[in-house]
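Participant: Chains as they are written, first to last, in the numbering used here: chain A, 1 to 273; chain B, 1 to 311.
Some clues are possibly wrong.
Unchecked claim - Here are the simulated DSSO-like cross-link-like pairs (lysine-lysine), alpha carbons at most 30 Å apart as the crow flies:
no.	chain 1	residue 1	chain 2	residue 2
1	B	K288	B	K275
2	A	K273	A	K200
3	B	K144	A	K273
4	A	K273	B	K141
5	B	K134	B	K122
6	B	K23	A	K273
7	A	K273	A	K91
8	B	K288	A	K91
9	B	K114	A	K91
10	A	K91	B	K141
What the hints contain is simulated information worked out from the structure, not anything from laboratory work. Nothing here was measured: the structure is a model prediction, and the numbers come from that model.
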Amino acid sequence: MDADTKYIRVYIQANMGRITAIAGNAFREAVRDRVLYNLVLFVLLLTGGAIFLGELSGGQERKIIVDLGLSAMLLFGVFIAIFVGIGLVYKEIERRTIYAIFAKPVGRGEFLIGKYLGLCLTLLVNVLVMGTGVSAALLYIKHGWDPLVLRIWPAILLIYVELAILTSIALLFSSFSSPALSALLTFFIFIIGHFSADLKGLATSMTSSGARWLFSVLYYLVPNLANYSLITSAAHGDVPSSSYVAAVVSYALLYVSIILATATLIFSRRNFK
Amino acid sequence: MMTVVEINRLTKDYEIGFWRKRKVRALDCLSLTINQGEIFGFLGANGAGKTTTLKLLMRLIFPTEGSARILGHDIAEVAMHSRIGYLPENPYFYDYLSAMEFLNFCGQLFGLSKVERTSRAKELLSRVRLDESKWDTQLRKFSKGMLQRVGLAQSLINDPEVVFLDEPMSGLDPIGRREVRDLITALRQDGKTVFMCSHILSDIEVLCDRVAILKGGRLAHVGSLEELRQQIDGRNVVEMVVSGTHETALRPYLPGGKDLRVTATPTGLRIELTKEGDVDEVIIALRKTGGKLVSVQPLRQSLEELFLDQK
């Protein structure tokens with residue numbers, strides 16, 4: 001086997017290894033930059049909620065704990081997805097750490113996917129710890145087993161999937177624009193995404209064909225994040241069907257794949273001056 | 001001799017300005033070849049296009065025109081980068097990692113096994129003389145010189161065939177510079193090819209087999225130091241040091257014209273000749289005036305003089 005064949009073979013075999021290495025490094029960066037310290041704040045919020053709010057709500061304490069816990073989980077997650085997500089690429093370019101990376105056999109797509117998976121792993125740890133915290137709070141309030149402890153987890157899964165979509169959008173924007181603009185645009189997408197159904201309604205009710213076209217395009221471009229918002233139903237103990245969960249998770253996988261492919265296309269043409 | 005790096009009419013334009021964009025040419029039709037096993041020095045003033053060339057070769061930026069091949073492969077081929085090493089100028093690495101963790105991460109990017117990564121990292125950190133007590137310290141606590149050593153180590157983690165070094169002596173103290181010089185010499189002995197940009201001309205002069213000088217993005221000169229001296233200044237200056245005589249006594253016997261310059265020294269005279277044939281006439285003149293010949297030596301322009309001539 002000549003040197004060329006050997007290195008090309010090693011390169012292809014190492015493809016997943018490189019993505020895993022970059023993801024692991026992004027996770028380690030988040031941990032060492034104390035991103036997970038938000039968990040402390042979450043635990044304090046939840047403990048306070050469990051002790052005080054439950055007593056004020058006249059038998060509604062379980063519902064309030066789930067509402068408060070899952071909403072805080074989404075809010076904290078959105079902050080991490082946006083502010084850490086936009087820095088994933090920007091920081092590397094600004095600090096020139098990217099120079100030593102791309103001189104190695106690392107494709108730009110591999111780099112983006114690795115970074116994305118690293119932040120998804122950070123969010124997963126965050127969501128799992130917070131979910132466990134909410135479950136523990138429910139057990140504390142009931143002083144025993146509560147079926148809600150298990151029933152909230154499909155909603156937690158969908159919160160995580162929503163955060164994964166939002167992270168991919170933050171990464172897309174950060175592959176070509178400034179951090180401030182990326183944060184703003186990602187936040188807009190988060191807000192508009194929760195009113196996706198209204199966009200469709202607007203598209204059909206408009207008289208101008210231009211406006212109809214604009215709202216239709218927005219409806220299909222912006223992810224339908226309302227699909228992932230099951231916090232209220234989870235607080236009532238409702239569990240979504242497995243087919244619903246499978247459908248929205250598949251939609252998320254497709255959406256994230258398209259977003260990451262677009263980000264890779266843009267990033268692959270970028271000059272690092 | 002096998003060509004390792006082949007640069008063909010490589011050109012890079014940058015667009016500057018927000019509304020009215022205009023093009024600035026950072027590199028203009030650079031063509032170069034670098035052979036296997038040589039240490040090639042890349043010289044030029046600030047903004048001459050040295051770092052732009054390296055960034056193009058490392059595919060950090062894309063050429064406006066032209067092409068380049070390393071080890072027979074187009075620079076756009078990602079797999080080819082398994083066979084090269086690169087030290088960026090003023091390296092900045094992940095400062096939350098320790099030196100060992102960073103080298104381990106770099107090894108992972110090359111697909112090395114854990115055992116290979118660990119042994120290679122230890123070997124390289126020893127080779128660049130990084131104090132063992134600092135191996136597990138976070139890079140944010142490192143001095144510039146220590147970071148430079150880590151940068152050199154990471155550029156060699158994959159045992160590359162070609163190493164590109166952008167200002168490898170930057171931030172190093174005299175001992176560190178000496179150690180890096182020895183390291184680069186050892187790389188040549190191992191059969192590696194080294195392409196280095198440096199502002200420290202004495203290092204280039206000591207280390208490099210061939211040198212290229214860039215001026216305003218264009219290749220001004222390329223060749224061995226001897227060839228460069230010939231290209232830039234065809235004169236061969238010979239210096240003669242004599243004693244026991246005076247200029248006034250010697251002058252009538254010396255050849256005239258601009259090819260000879262006499263300077264008085266505390267012990268005698270220093271005579272610079274640009275015609276080698278005049279040496280005999282000076283010796284005859286010395287015999288006639290009772291002077292003594294102390295030394296005769298060709299005077300070579302230092303690389304610094306050559307470089308300054310090009311600025």
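Participant: Which hints, by number, does the structure contradict?
Facilitator: Hint check: 2, 8 fail, others pass.
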